[in-house]
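Student: Mind docking chain B on chain A? Use the hints.
For the record, the sequence lines run as chains A and B.
Numbering-wise, the working numbering puts 148 at position 148 of the first sequence, and it's gapless, one number per residue.
To convert, take the position in the second sequence, counting from 1, and add 507; that gives the working numbering.
The set of hints was computed from the structure by calculation and includes no laboratory data.
Because the structure is a prediction, the values reported are computed rather than measured.
Check the hints yourself; a few may be wrong.
What the hints assert, rightly or not - Ranges of calculated distance between the beta carbons of each label pair, as one might list FRET restraints:
1. B:Gln531 x A:Val237: 29 to 35 Å
2. A:Pro329 x B:Asp710: 41 to 47 Å
3. B:Thr713 x A:Gly146: 45 to 51 Å
4. A:Leu229 x B:Trp574: 18 to 24 Å
5. A:Pro227 x B:Gln627: 21 to 27 Å
6. B:Ala650 x A:Ser150: 33 to 39 Å
7. A:Lys191 x B:Glu669: 44 to 50 Å
8. B:Tyr528 x A:Ala437: 55 to 61 Å
9. A:Val48 x B:Arg629: 49 to 55 Å
10. B:Gln627 x A:Phe54: 47 to 53 Å
11. A:Pro329 x B:Lys640: 30 to 36 Å
To be verified - 27 Å max Cα-Cα, derived DSS-like pairs, lysine-lysine:
12. B:Lys587 x B:Lys716
13. B:Lys640 x B:Lys626
14. A:Lys110 x A:Lys191
15. B:Lys626 x A:Lys209
16. B:Lys640 x B:Lys700
17. A:Lys209 x B:Lys638
18. B:Lys716 x B:Lys640
19. B:Lys545 x B:Lys626
20. B:Lys640 x A:Lys209
21. B:Lys638 x B:Lys700
22. A:Lys209 x B:Lys716
23. A:Lys463 x B:Lys640
24. B:Lys584 x A:Lys463
25. A:Lys209 x B:Lys584
Stated by the list, open to error - Chain B is faced by these chain A residues, among others (derived, beta-carbon under 7 Å):
26. Val82
27. Ala135
28. Val213
29. Phe216
30. Val219
31. Arg222
32. Ile224
33. Gly225
34. Tyr228
35. Arg272
36. Met273
37. Met276
38. Arg373
Even glycine gets a Cβ: it sits at the ideal position worked out from N, Cα and C.
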Amino acid sequence: MHRPTTKIAAAHGQWIQWICLFILLAGVSPVEGARVGDYVETHWSDQVARFWSFDDPAVRFAVMGTLLMGVCCGVLGSFLVVRKFALVGDTLAHAVCPGIALGFLWNVSKDPLAIFIGATLAGLLGTVVVHWIKATTHLKEDSALGMVLSGFYAIGICLFSMIQNLEVANKSGLDKFMFGQAAALAENDVKLMAYITLFSLGVIILFYKEFLVASFDSVFARAIGVPYLFFHYTMMVLLTFAVVVSLQATGLVLVSALLITPAATAYLLTDRMHHMLILAAFLGALSGLFGAFLSFLGNGLPTGPFMVVSASVLFALGFLFAPRHGWVPRWWRRRRRTARIQAENTLKAIYQVMERRDFSEDAIRVAELASRRNVSVAAIESELSALVSYNFVTRSAAQPDGQFVDDKTIAFTPSGWQRACEIVRNHRLWELYLTNAALYAVDHVHDDAEKIEHILGEDTVRKLERCLEHPENDPHGKRIPTTQNLHSYAPPGTGPEGRPTSHGGHT
Amino acid sequence: MSKIDSERLLPLEIHDLTVAYHKQPVLYGIDVTVPAGKLVGIVGPNGAGKSTLIKTIMGLIPPSSGWIKIFGEPFNKAVKRVGYVPQRESVDWDFPVNVMDVVLMGRYGRLGLLRRPSKQDRAIATACLDKVKMLPYAHRQIANLSGGQQQRVFLARALAQESDLYFMDEPFAGVDAATEAAIIEILRELRDKGKTLLVVHHDLSTAQKYFDMLLLLNMRLVAFGDTAEVYNYESLQKTYGGRLTILSEVASQAARNVSDA
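Bound conformation, chain A alone (with noise of 0.2 Å):
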């Protein structure tokens, strides 16, 4: 059964090797099967060309036979997924191993039909057992899982050697059953998989609503008179048959990873059903198809492996890349809002020092900012740079008195001015809040309004007013803005107009 793999390696240079290492990295031989047409040893990228052209008959049914699985395990998985349920397809998958064998023994033939129905009832009976074990003892369903899983792959791995022992013919290609071979797929292989994935599917949509609210609620299912335990069973059959029918093309070690990875990707990509129903399809065919496509490119690779690798690579780019879930998007939105929270700190400081001057100026030295913020004037420029970029401030605002000629000022933009006092505003109002609402000693609300400032919504700040009526000043006596302030911006040269005074007058 294990033959080395370098003899054909070495024929198909580098791209090959890499993924004979995948297959030795998964403890995998390449099995001797039926082999793709008339196979020849030719250059990759000819294996290529003839994959992509379906041409050959035997790529068609292949690359048929893997869709119609990816798909057909994609949605039916989907379902275990939403229902915790993952290690049932994996106990299913493994609790067919010995109907395999004793379809095969029933008349010592590979007979598609014999070994679909010996597979069937041994991975029904599989989950009858863990069903039995459950109801009659005090064992979880975890433990009744992992012991019918292990029990019913080890007898059917014995009768499998048994089988390999016997004097009959026929018997090679019965291990493609374990790591899958598509390029066997013959047309009446493809024709099973297309009527049990068509089933599947028409069961699903026929019930959707069922299937449904049985899996989000089970017990409100019952109490609306929706037969839970048929659709459990139903769609337990459904699983079944989808894992039979895949044997052949993912072999029983890993089919159940196309019934998890793909709906598990799409659960990560959106938070409706159906949408997830759809993307698991498309995600279980796409694996399919490349796993199909990689197996092709050497002579007799098993193709349960790739697709798995396949599925696992979608898993984690949408892992990565999922727009609201995946790490780099939230990655980046924390950034986003670490460098926000920086930029509203900065416009705080330059109101602060502007107040301390009354608002006499409309502009400040950059310098007098950098010992505000207690940081060096080099970190400043950076922090600035980033508020021209927002239109937040400008930079050498001309004066009129000439004071400032050096480039080295800052004065705010209308909008600049308005989110600085928004900032001021939320911190001060908040405080307020604090010690008058909920008590705190005045010199506890520092720290916490520094955090609150940033996320305070509109709404919450109307409430804020209103409830604490409307307040001119915060604990520590200084102006509050208010929204008249916030909107009659005076820009640079006309006067301090329109900007809280520590003495009293706003307009």
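Tutor: Coordinates of chain B only, in the frame set by chain A:
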């Protein structure tokens, strides 16, 4: 039976109901007859069998003995006239559905097999969401809701069932005061429309204020009647006083003997 007759029938009749759950008896010989148009609180200590009672009525747990009739019929014949709010923790709130999807599930029982929710079903679901003030959240994924909002969604789903008899399992568990007040207001409105509601409730102090009738439960039916009559020291002492511990101990012993035999 004509429609008028069936409407005159009692919403709920329970006769000599005994329930064992995981071989452990939890309810003994319950006899209750609930009249129409009442807001009934089911009150009792932890483990008194409150949830078990309503789950048994709804056919989710098979009774060991006794019978239950809903509007004069067994549950499976009256299923469309019964609405249900399960405990909030009973579902996975990460499930890929939005608020509207969940509320539409309230219509599934009426639709029957093979039919999709129609425009009218959507209109009803929208109205129910509005009623619980959750319409702005209709398209939000259910994981992004607070506990009180989740409870409102479950209530809206039950409203969408348009039933005559409602069972609610701890609808006030883990909700804020505002939500609790809003929910009780909706329950009273339903009651005023002639609906009958049985509500499992944990908090004795508010039970007296909220409900027309109380069903005091502690494995046995301790008392059932108008709140004014039932809410007294003696009944509450019986319900919470732990005098039934011997019954419970002997019952589990008996259950062990049976299962070992």
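Student: Indicate, hint by hint, whether the structure satisfies it.
Tutor: Tested hints:
1. B:Gln531 x A:Val237: 29 to 35 Å: Taking Cβ atoms as reference, Gln531 (chain B) and Val237 (chain A) lie about 33 Å apart, which means the hint holds.
2. A:Pro329 x B:Asp710: 41 to 47 Å: 43 Å, holds
3. B:Thr713 x A:Gly146: 45 to 51 Å: The hint (45 to 51 Å, Cβ to Cβ) holds, given that Thr713 (chain B) and Gly146 (chain A) are roughly 47 Å apart.
4. A:Leu229 x B:Trp574: 18 to 24 Å: Because 23 Å falls inside the window, the suggested range holds.
5. A:Pro227 x B:Gln627: 21 to 27 Å: 25 Å, holds
6. B:Ala650 x A:Ser150: 33 to 39 Å: The hint (33 to 39 Å, Cβ to Cβ) holds, given that Ala650 (chain B) and Ser150 (chain A) are roughly 35 Å apart.
7. A:Lys191 x B:Glu669: 44 to 50 Å: 47 Å, holds
8. B:Tyr528 x A:Ala437: 55 to 61 Å: Taking Cβ atoms as reference, Tyr528 (chain B) and Ala437 (chain A) lie about 48 Å apart, which means the hint is violated.
9. A:Val48 x B:Arg629: 49 to 55 Å: 50 Å, holds
10. B:Gln627 x A:Phe54: 47 to 53 Å: Taking Cβ atoms as reference, Gln627 (chain B) and Phe54 (chain A) lie about 48 Å apart, which means the hint holds.
11. A:Pro329 x B:Lys640: 30 to 36 Å: 32 Å, holds
12. B:Lys587 x B:Lys716: 30 Å, violated
13. B:Lys640 x B:Lys626: 21 Å, holds
14. A:Lys110 x A:Lys191: 17 Å, holds
15. B:Lys626 x A:Lys209: With Cα atoms ~16 Å apart, Lys626 (chain B) and Lys209 (chain A) stay inside 27 Å; holds.
16. B:Lys640 x B:Lys700: 20 Å, holds
17. A:Lys209 x B:Lys638: Distance of about 24 Å is within 27 Å: holds.
18. B:Lys716 x B:Lys640: 23 Å, holds
19. B:Lys545 x B:Lys626: Roughly 32 Å between the alpha carbons, so the hint for Lys545 (chain B) and Lys626 (chain B) is violated.
20. B:Lys640 x A:Lys209: 25 Å, holds
21. B:Lys638 x B:Lys700: 15 Å, holds
22. A:Lys209 x B:Lys716: Violated: Lys209 (chain A) and Lys716 (chain B) sit about 39 Å apart, past 27 Å.
23. A:Lys463 x B:Lys640: Since the Cα atoms of Lys463 (chain A) and Lys640 (chain B) sit roughly 20 Å apart, the hinted pair holds (cutoff 27 Å).
24. B:Lys584 x A:Lys463: The given pair, whose Cα atoms are some 52 Å apart, is violated under the 27 Å limit.
25. A:Lys209 x B:Lys584: Between Lys209 (chain A) and Lys584 (chain B) the Cα gap is close to 21 Å, so the pair holds against 27 Å.
26. Val82: Since chain B brings a Cβ to about 6 Å from Val82 (chain A), closer than 7 Å, the hint holds.
27. Ala135: 11 Å, violated
28. Val213: 5 Å, holds
29. Phe216: This hint holds: Phe216 (chain A) lies near chain B, its Cβ roughly 5 Å from the closest one there, short of 7 Å.
30. Val219: For Val219 (chain A), the interface hint holds, since the closest Cβ of chain B sits about 5 Å away, which is under 7 Å.
31. Arg222: 6 Å, holds
32. Ile224: 3 Å, holds
33. Gly225: 4 Å, holds
34. Tyr228: 10 Å, violated
35. Arg272: 6 Å, holds
36. Met273: 5 Å, holds
37. Met276: 5 Å, holds
38. Arg373: 37 Å, violated
Violated hints for the displayed structure, listed by number in ascending order: 8, 12, 19, 22, 24, 27, 34 and 38.
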